[in-house]
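Undergrad: Spelled out from the first residue to the last, the chains are:
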Amino acid sequence: MRAFRAPATLRAYASFRALLALTAAALAAVASPDPLLAQDAATAEAIALLQRHADFVWTILAAVLVLLMQAGFSLIEVGMTRAKNAVNICMKNIMDLSMGSLAFWLVGFGIMFGPSGGWFGTGSFMLSDYATEQDPWLYAFWIFQTVFAATAATIVSGAVAERTKFSVYIMYSIFLTAIVYPVFGSWAWGSLYKGDGWLEGLGFIDFAGSTVVHSVGGWGALAGAMVVGPRLGRFTVEGKPRAMPGHNLVYVTLGMFILWFGWFGFNAGSTTAATVDIALIAVNTNLSAAAGALAAMITAWLFLKKPDATMTINGALAGLVGITAGCANVVPGAAILIGLAAGALVVFSVLFFDRRQIDDPVGAISVHGVCGAWGTLAAGLFNAGGVTLAIIGTQLLGIVAAFVWVFGTMFAFFKIVDATVGMRVSAEEEIAGLDVFEHGNEAYGPDTFSADVGGVTA
Amino acid sequence: MRAFRAPATLRAYASFRALLALTAAALAAVASPDPLLAQDAATAEAIALLQRHADFVWTILAAVLVLLMQAGFSLIEVGMTRAKNAVNICMKNIMDLSMGSLAFWLVGFGIMFGPSGGWFGTGSFMLSDYATEQDPWLYAFWIFQTVFAATAATIVSGAVAERTKFSVYIMYSIFLTAIVYPVFGSWAWGSLYKGDGWLEGLGFIDFAGSTVVHSVGGWGALAGAMVVGPRLGRFTVEGKPRAMPGHNLVYVTLGMFILWFGWFGFNAGSTTAATVDIALIAVNTNLSAAAGALAAMITAWLFLKKPDATMTINGALAGLVGITAGCANVVPGAAILIGLAAGALVVFSVLFFDRRQIDDPVGAISVHGVCGAWGTLAAGLFNAGGVTLAIIGTQLLGIVAAFVWVFGTMFAFFKIVDATVGMRVSAEEEIAGLDVFEHGNEAYGPDTFSADVGGVTA
Amino acid sequence: MRAFRAPATLRAYASFRALLALTAAALAAVASPDPLLAQDAATAEAIALLQRHADFVWTILAAVLVLLMQAGFSLIEVGMTRAKNAVNICMKNIMDLSMGSLAFWLVGFGIMFGPSGGWFGTGSFMLSDYATEQDPWLYAFWIFQTVFAATAATIVSGAVAERTKFSVYIMYSIFLTAIVYPVFGSWAWGSLYKGDGWLEGLGFIDFAGSTVVHSVGGWGALAGAMVVGPRLGRFTVEGKPRAMPGHNLVYVTLGMFILWFGWFGFNAGSTTAATVDIALIAVNTNLSAAAGALAAMITAWLFLKKPDATMTINGALAGLVGITAGCANVVPGAAILIGLAAGALVVFSVLFFDRRQIDDPVGAISVHGVCGAWGTLAAGLFNAGGVTLAIIGTQLLGIVAAFVWVFGTMFAFFKIVDATVGMRVSAEEEIAGLDVFEHGNEAYGPDTFSADVGGVTA
Amino acid sequence: MKKVEAIIRPHLLESVKSALQEAGVVGMTVTEVKGFGRQKGQSETYRGTEYKVEFVPKLKVEVVVAEALVEAVVSTFLVSAKTGKFGDGKVFVSPLDDVIRIRTEERGESAI
Amino acid sequence: MKKVEAIIRPHLLESVKSALQEAGVVGMTVTEVKGFGRQKGQSETYRGTEYKVEFVPKLKVEVVVAEALVEAVVSTFLVSAKTGKFGDGKVFVSPLDDVIRIRTEERGESAI
Amino acid sequence: MKKVEAIIRPHLLESVKSALQEAGVVGMTVTEVKGFGRQKGQSETYRGTEYKVEFVPKLKVEVVVAEALVEAVVSTFLVSAKTGKFGDGKVFVSPLDDVIRIRTEERGESAI
Ligand SMILES: Nc1ncnc2c1ncn2[C@@H]1O[C@H](COP(=O)(O)OP(=O)(O)O)[C@@H](O)[C@H]1O
Ligand SMILES: Nc1ncnc2c1ncn2[C@@H]1O[C@H](COP(=O)(O)OP(=O)(O)O)[C@@H](O)[C@H]1O
Ligand SMILES: Nc1ncnc2c1ncn2[C@@H]1O[C@H](COP(=O)(O)OP(=O)(O)O)[C@@H](O)[C@H]1O
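Protein chains in written order, with our numbering: chain A, 1 to 458; chain B, 1 to 458; chain C, 1 to 458; chain D, 1 to 112; chain E, 1 to 112; chain F, 1 to 112.
It should be emphasised that the hints constitute simulated quantities derived from the structure, not laboratory data. Just so you know, not all the hints are guaranteed correct.
As the list claims (entries may be wrong) - Derived PhoX-like pairs: lysine-lysine, alpha-carbon spacing no greater than 25 Å straight-line:
| id | chain 1 | residue 1 | chain 2 | residue 2 |
| --- | --- | --- | --- | --- |
| 1 | D | Lys17 | B | Lys240 |
| 2 | A | Lys306 | D | Lys52 |
| 3 | E | Lys40 | C | Lys305 |
| 4 | A | Lys305 | D | Lys52 |
| 5 | F | Lys52 | D | Lys17 |
| 6 | F | Lys17 | E | Lys40 |
| 7 | A | Lys306 | D | Lys40 |
| 8 | D | Lys52 | A | Lys240 |
| 9 | F | Lys17 | E | Lys52 |
| 10 | E | Lys40 | C | Lys306 |
| 11 | F | Lys3 | F | Lys17 |
| 12 | E | Lys52 | C | Lys240 |
| 13 | E | Lys17 | A | Lys240 |
| 14 | F | Lys52 | B | Lys306 |
| 15 | E | Lys40 | F | Lys3 |
| 16 | D | Lys40 | A | Lys240 |
| 17 | F | Lys52 | B | Lys305 |
| 18 | F | Lys52 | B | Lys240 |
| 19 | A | Lys305 | D | Lys40 |
| 20 | C | Lys240 | F | Lys17 |
| 21 | F | Lys40 | B | Lys305 |
| 22 | F | Lys3 | E | Lys82 |
| 23 | E | Lys17 | D | Lys40 |
| 24 | E | Lys52 | C | Lys305 |
| 25 | B | Lys240 | F | Lys40 |
| 26 | F | Lys40 | D | Lys17 |
| 27 | E | Lys17 | D | Lys52 |
| 28 | F | Lys40 | B | Lys306 |
| 29 | F | Lys85 | D | Lys17 |
| 30 | E | Lys85 | F | Lys17 |
| 31 | C | Lys240 | E | Lys40 |
Bound-form chain A, shown alone (with noise of 0.2 Å):
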C-alpha cells in the first residue's frame, strides 16, 4: 500500500512519475536558452500526465463494472430456468469469465488487436509487448477488452441452458474468446490497438459493440439453440410452445439491474478515457433501458394480455444492447426511440423463434443478436453526424458480415462436437438435471424445503 502523504508538500501529492517530469523539467529550465519553453513543456508533461491518471482509473472502473455484468447474467440466466439445473449454469458462467479471461491472454487479443493485414491479428500475445514498450496503458487497455469478450462469451450460456453438456460448453466458450469473437473484433476494432480491420476501414460504426459483442454473442446462441433442439417438452408433438416458467424471477430481475448498472462501464467505459463525453453515453444508455423496458410491457400488455416481467426485462436489456453501438453519436431523444424500437421489437422476435421452434430459455438469441443489429442499424440511421446511404450501407455489410461469420462458425462448429462427442446429456439426465449429473451437486439443499429429508448418509 501506499504510504499517507502529509499535507505540508501538496506537491508530493503529484505520484512520483509526475514529480520525475517537474524535476526534469526544473532542470532544462536552468540549461536551457529559453526557461520559459522548457517550463511550457514540463508543465504540459505534467498536464498530460494528469490526464492520463484520470484515463487510468476511468478505464479501470469501467473494466470493473462490466465484469460484475458476468453476475447479472448469471442471475438472469438461472432465474429463467428451473432449480435442477442452475449449479451447471453458474459453473458455465465462472468458467466464461476464467477461460475467457485465460483464452482472450493466450490468444484472443493478439488475433483481435495483434498486427494484422485485415482479417485477423498475429502478434501481441500474451501481453508480450510490455516488455518490449514498457507501457502500462497496455495493462489497462487488456483488462478493459478481456472483460468485454468474456461478456461475448457468456450470451450463448442462456440460450443452450438445461440440456448442453458441460465439457462442451467449455470447449464452447474457448473457442469463442480465443477465435471467433477476436477475428470479428480485428475487422471492426482492431485499429483501436495495432491490428487494421477491413469492416472499420470502411467506417463502420459500433461505438461500444452491438454487433462486435451482442450480436457476435446472439448469434452463437442462435447456432447452438439449433443445433442442441430444444428441451424435452418445450414444444407439444404438434409443435405448440409449451410454457416453462423460470424458477425464480427475483434473480432474473436483480441480474436485470446488475445489467443496467454495468452497462454504464460498457458504454461509456468504451471511451477509455476521462472526457466529458461520458455524460452524453451515460444519459444514452439510461433513456434507451427506460424506454426498452416500457416499449416491451406496453407491447405484452396489448399482445400478450398482461405485463409480462421477463418480457419486461428482456425489453430493458434490448434496449441496452441497442443503443450499445451509437451511444457516442445520437442525441438523447434519439436514444429513447432506439430504445422503444428495441423493446417492442424484442418481444416480437422471442415470439417468432418460439414459433420456430428455437428453445431460447432467456430470449438471449432476441436480446443480443436480433436488437444488437437493429442498434447497429439505429447507430447509422440516427447519426448525429448526419446519415448517408454508404454509411447505412457500413452498417449493414457489418451487421451481415457478423452474422455470415459468427453464425457460420459456430453452426459448424456445434455440428462437429455434436457429430463427435455430443453435444446434449441423455434424456434422463436432462429430466432428473443437470446439477446432479454433471456437478454432482444441487443447487438447494434439502433444508431449503424443510428439516432434513432425504437427510445426508456418509
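Following the hints, put chains B, C, D, E and F with the ligands in place on chain A, whose structure we already have.
TA: Just chains B, C, D, E and F with the ligands, lined up with the frame of chain A:
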C-alpha cells in the same frame, strides 16, 4: 471506442480538447505582447479542463452507484413481503426507474431546475438547453438528478405493497417523478441550475436530500398506505397487529448492503465535483449507517427481547437517511450520534405506525419519512459551522413544508384515484397474490419446490 | 449539492481550493521579483492539487468496492450453510461492518497506525488528528483502512457458522477489529501513517494484505472452528466426514462474483493513488482469480470425480487471496501461476481440515488462511524486482508471525469465552436452527413453500 | 377410531383449526397438496405462452378421532371450510385399526 | 368407495393425469413425497464428501372412486406410470367409509 | 396387509429409517407435514409483533407391511422415534385391501 495511445507522446494523453487549449495558447503566446500571460492562461485552461474531466468521472460513477440502489430497494421490498407478490414488486421497481427516467426527462427536470420564480421551474425540459448552450455538463448533472428522482419514487413501492393495483402504481410513479418531487426539489435545490427556490433562499441545509428525496418518498408512502389500507389479516378485528413475515430475509440483507454501497454515490456524489470533501462525507455516511444498525439492534434486543434482523436493517438505512442532509457539514463524532438516534428512532416509529394500524410492510415511512426529518433537523443541530435559532427554524420550516406539500398532494392524488379507478385489488386477488392476477406470472417456478408438480400444459 | 457550473468560465471548474492556489500565485506573480518562478510554483501547486483530487476519487471508490465485499461474504456464507441459520449469518455480517467500523474508529485505527515503537500504535484514536492537522486525506485513508478491518472480521463468520452464539460472535468481532487485526497490521503497515512496524522494517512484502487481512482472518477462523467444535452430525462417530450441503449455491455464485468485483478495489485500490500502476494490479488480480477457479475445478474433477461448484468458487477466491500480496510486484504470467497453485491448494486444504475433523462450512481457513500464506510467500518468490533468500526469509517470518499472534490470541480468547459464558448454542437450538432461537426470525417465510401453512396468529 | 381427512383451501386453515379445537380436537396433521378437480386453476402466461396451472394448492387436514366424534368433526369441516364455490374440497372418513402415542406407548382412544 | 393411492415418478404426472381423466376420474389429490425402496438415489458429492440421497422424490396420487371404478383406475396406473425400471412405485387400495363434498354437503358416491 | 403411518420428529428420520430396515422393512414413503398438538411451537417475533408458530414441522412415514410384521414395525417406531417429550408423535395402523407394484404388476404381499 477510443484508440490505444502510444506512450511516446505523453502529451497526446491529454484529451484533444486539452490539446486545443494548449495549441490555442501556443499561438497566443507567439502573437501576444506578453507571452507569459498568454501561456499562464493556456495552462490555467488546461488545468481547469482536467478538473472538469475528474468532475465528470466522479459524477457519472456516483450516479451509477445511486442507480444500483434500485436493486437494493427491490430486494428489501421483495424480501419483506410474501412470495406471491414478488413479481409485482419487481415490476414496480423496474417501472420506477424506467418511467421515472422518462418522466423526469420530459417534465420533472424542467420543473425542478428550470428558470423559476421560487415555486417551480418552467423551462429546460427534455434537455433542450444543450442545443443552445452546448455544455456536456448538463448531461452529467441530469443523469445524477434523474437517479435521485427515481430513488424518491421507489420508496413508496414497499409501503403500499401486496395490495395496490399495478396500473395505479404506474400513475403514481409518473405523478411523483414528474410533479410532486420536482416541485419540492425546486424549492430546495433549484438554484443548483437555473431555478431559485424560496427555501434554499432561507439557507435550508439538505446537502444530499434527507428531506428533498427521502422525506418526500416517505410522506408519499404514508399517504399511500393510509389510503389503500392495511393488508387483509394484518390487524385483528380488535386492531391488534398480526405478524406477516417477509419471505426472504437474505434478499433483505443483500438489499441493505447494496443500498449502503450505493449511498456513497448518493451522499459523496452530491458534491458533483472531484474534491477532497468527498472523504469526510464518505466517513460520515459509513459511521452513521454503522451506528444506526447498532442502535436499532440494541433497541430491539431491549424492547422486543431479541436482536431482530429486519429492525437492524431498518436501523442501518435509518442511519444512512439520517446523515444524508448533514453529511458534508458535521464532524464524524456527530455522524455517529445522528446514526445512533436514527437507529433507535426507527424502531419506535415502526411500532408506532403499527399501533396506528398503518400497514407499511417494509418500514418505508419510518426509515425515509421520519428519519429523513430527523436527519434534516440534525444537519442544523450539529452544523459544524455553528448552530443558531434561525438555522433550526429554517430546517424545521423545510421539514414541515415537505410534509405539507407531499402528504397533501399525494393523499389527494390517491384519494381521487381510489374514488375513480380504485386503488386496491380485489380480496380474491390479494389472497391469491398479485403476481398471477396482475402479471400472469409466478416468481418461483413449480420446481423450486419439487419436480414438475402442477406441471404446465399448453 | 454543488451548483451547476456554466461552461463559459472553464476556470471555475477547478475546485475553489485550486482557485485559491491560482489566485495566491497570481498575487505572488505580481509581487515577486521573478514572476516566472512564482507562476511556476502556483502551477505546480494546482497540478499537485489535481492529482490529489484524483487520488481522493480513486481511494473513496476503491473503499466502496471493498465495502460491498461484505455482501459477497454474506451470500457465500449463507449459501453454503443451512436455511435455518441464514438470518444469524446475515446478522453477523451486518455487525462485522457496523461494530467493526465503530470499533476501528474508537480503538483499532490508533493501534494500527498511531505513533508506535514497532509493536502497536498509541495515538490517533477517533480521527483526532484531523483537529490538529486539518488534512482531509486522513478521512480517505481511514475509510479505506476501515473496510479492510471489517473484511478481516467477516472471514471468521463462516467458519464458526451454524453453532456459535450471536452474543459471543459480537464480542469476537469487536476484539478482532479493535485489537488483534490492528496490532498485526501495525507491524506490517503502520508506517503508512504514523506507525513504524518491526516487520515492514525488514522489508516484508504484502501489498494489499494476503497476510495482514486474509491470513489474520483465516487463522482466527481456525481458532474459532477448533474451539467451538464441529456441527452436530458433521462427522460420524468413527470420525468420517458427512456431507452437509449448503442450501443455496446461487447465492454462493453471486457472492463470488461480488467478491471478484470488490477485489479490484481491494488490490488496485491499495495504491490509494491514481497512478498507472493500478492497471497491472487489475490484470494480475483478474488472471489469478481466473486461474484459481480453473485449477480448483480441474483438481476437483480429477480427484473428486466431478467439477464441484463450491470447490471451483473457493478456487477463484483462493486465486484472489493468493495474488493480494504480490499484485503490484509480479508480472501477469506469475499471477497466473500463483492462481493455479492457489486453486489446487485450496481443494486439498479443504479435504485436509475435513480429515482433521475441523468443521469449516465455507472453507474460510483454507481460502484465507492457507492461501493467504501461500500468496505472501509467492509475492517473494515471484518478485519482479528479483528474489533473495533474505526476501523469502522475511516473507516466511511474516507468515509465521501472523499465525503465532492471531491463532494464539484468538484461541485463548475463544477458550476463555467458552469457559465462561460458553461459545456454543444448545443442541436443541442447533437442531432447530439459530434463526428462531437467537433472533426470533425465520429467513424464509411460510409461503415461500406454499400458502400460509403454519399461518401466524397474534 | 376413524381418520377424518379433509382437503381444504389453504387460506381457511386458521378458521378450520379454531373450529376443530372448539369441537374438542386436540391434534391434527396438515399436508400441503395439489388438487385437481372441478375448480380450474388460474391460467398464466410465461413469455407469451399461455398455460393453465391445473393443480390448485390445497391443504389436507388429517384428524384421528374416536368413533363418537366423527360426525361432529365432519360437520365442523362443512361449516368452517365452506365458501360455496368450486374447490371447497372433500372430507374422507376411513377406518383405523389402532393408534399409538409414541411418547407414552398408550394405545387406542387414550392415545389420540 | 375406495381410496386408490399410487406412488409415481414425478415426471410422469402429466401422462398419469390424462390417463386417469380418460378413465373417468374427475378429481385427484397429489402430494410431493420422498420414497425409499429398491431404487437407489443418485450419489452426490459435496466438497469432496460423497453421500447418497436415499430418499427419491416421488409423487403420491390419491384418487377416491366408487367400488366399480377401482380396477379400471388401478390398471390405468399400471399403464401410465410404468417404465419397467426400479422405482416405478406402488398402488395401494384401501377402504373408505364415507365421502362428503364440502361445497354441497353431498355424501357418498355422488360426492366424488 | 396393513398401512402403518407414523408422525415423527424430522431430525429422527435417519434413526427411524435404519431401525425399520433392520426390522425388515424394504420400502417406505415419507411426507413433510405440519403437526398440531400438545407440543407448542416456538414463539417468534417479526418487527415487534410476537406470534406462535402453531404448526410444528413433522414427517409422516408410511410403511405398508404384511399383517405379520405390523407389531414389529410399530414397536420399532416406539423405540426409534421416542424422546419422551411432547411431540414425539403417533403411529396409526389402518387396513389395506390391496397392493400392486407398478413395475411388475405383482399383487398382494409379494408386491410390498
Ligand atoms: N375423487 C377425488 N379423489 C381425491 N381427491 C379429490 C377427488 N375429487 C376432488 N378431490 C380434491 O378435492 C378438491 C376440490 O375438488 P373440486 O372438484 O375442485 O371442487 P369441489 O370439491 O367443490 O367439487 C380437489 O382440488 C382435489 O384436491
Ligand atoms: N413397503 C412400502 N411402504 C410404503 N411405500 C413403499 C413401500 N415400498 C415401496 N414404497 C414406495 O414405492 C416407491 C418405489 O419402490 P421401489 O422399491 O423403489 O421400486 P419398485 O416399486 O419398482 O420396486 C418407493 O420410493 C416408495 O415411495
Ligand atoms: N388426533 C390427531 N390426528 C392426527 N394427527 C395427530 C393427532 N394428534 C396428534 N397428531 C400428530 O402428532 C404430532 C404429535 O402430537 P403432540 O400432541 O404434539 O405430542 P404427543 O404425540 O407427544 O402427545 C402432532 O404434531 C400431530 O402431527
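Undergrad: Could you run down the list of hints and mark each one as holding or not?
TA: Here is how each hint holds up against the structure:
Our distance criterion of 25 Å between C-alpha atoms is met by Lys17/D and Lys240/B, whose separation comes to about 20 Å. Taken as a hint, the Lys306/A and Lys52/D pair is honoured in the structure, with Cα atoms around 15 Å apart against an allowance of 25 Å. A distance of roughly 19 Å separates the Cα atoms of Lys40/E and Lys305/C; the hinted pair therefore holds under the 25 Å criterion. Of the pairs offered as hints, the one joining Lys305/A and Lys52/D holds, with about 15 Å between alpha carbons and a cut-off of 25 Å not exceeded.
A hinted pair counts as satisfied when its Cα atoms are at most 25 Å apart, and Lys52/F with Lys17/D qualifies at roughly 14 Å. Of the pairs offered as hints, the one joining Lys17/F and Lys40/E holds, with about 14 Å between alpha carbons and a cut-off of 25 Å not exceeded. For a cut-off of 25 Å, the pair hint linking Lys306/A to Lys40/D stands: about 20 Å separates their Cα positions. At roughly 15 Å between alpha-carbon atoms, Lys52/D and Lys240/A fall within 25 Å of each other, so this suggested pair holds.
At roughly 14 Å between alpha-carbon atoms, Lys17/F and Lys52/E fall within 25 Å of each other, so this suggested pair holds. Simply put, Lys40/E and Lys306/C have alpha-carbon atoms about 20 Å apart, close enough for the 25 Å limit, and the pair holds. Taking the CA atoms of Lys3/F and Lys17/F, the gap is about 16 Å. The hint holds against a cut of 25 Å. Restraint check for Lys52/E and Lys240/C: satisfied, since their Cα atoms lie roughly 15 Å apart, inside the 25 Å limit.
A hinted pair counts as satisfied when its Cα atoms are at most 25 Å apart, and Lys17/E with Lys240/A qualifies at roughly 20 Å. Distance check on the hinted pair: Lys52/F and Lys306/B sit about 15 Å apart at the alpha-carbon level, within 25 Å; holds. As the CA atoms of Lys40/E and Lys3/F are separated by approximately 23 Å, the hinted pair is consistent with the 25 Å bound. The straight-line distance between the Cα atoms of Lys40/D and Lys240/A is roughly 22 Å, inside the 25 Å bound, and the hint therefore holds.
Straight-line distance between C-alpha atoms of Lys52/F and Lys305/B comes to about 15 Å, which keeps the hinted pair within the 25 Å bound. Only pairs whose Cα atoms come within 25 Å are accepted, and Lys52/F paired with Lys240/B is accepted, the gap being roughly 15 Å. Proximity of Lys305/A to Lys40/D is assessed by CA-CA distance (about 19 Å); at most 25 Å being required, the pair is judged to hold. Taking the CA atoms of Lys240/C and Lys17/F, the gap is near 20 Å; set against the 25 Å cutoff, the hint holds.
With a CA separation close to 20 Å, the supplied pair Lys40/F and Lys305/B stays within the 25 Å bound. The suggested pairing of Lys3/F with Lys82/E holds, with an alpha-carbon distance near 23 Å, which does not exceed 25 Å. For the hint pairing Lys17/E with Lys40/D, the CA-to-CA distance comes to about 14 Å; that is within 25 Å, so the pair holds. Between Lys52/E and Lys305/C the alpha-carbon distance is near 15 Å, which keeps this suggested pair within the 25 Å criterion.
Restraint check for Lys240/B and Lys40/F: the C-alpha separation of about 22 Å stays at or below 25 Å, so the hint holds. The straight-line distance between the Cα atoms of Lys40/F and Lys17/D is roughly 14 Å, inside the 25 Å bound, and the hint therefore holds. Distance restraint check for Lys17/E and Lys52/D: the Cα-Cα separation of roughly 14 Å lies within the 25 Å cut-off, and the hinted pair is therefore satisfied. Of the supplied pair hints, the one linking Lys40/F and Lys306/B holds, its CA atoms being roughly 20 Å apart against a limit of 25 Å.
Taken as a hint, the Lys85/F and Lys17/D pair is honoured in the structure, with Cα atoms around 23 Å apart against an allowance of 25 Å. Taking the CA atoms of Lys85/E and Lys17/F, the gap is near 23 Å; set against the 25 Å cutoff, the hint holds. Proposed proximity of Lys240/C and Lys40/E is supported: the alpha carbons are some 22 Å apart, at most 25 Å.
Taken one by one, the earlier hints all hold for this structure without exception.
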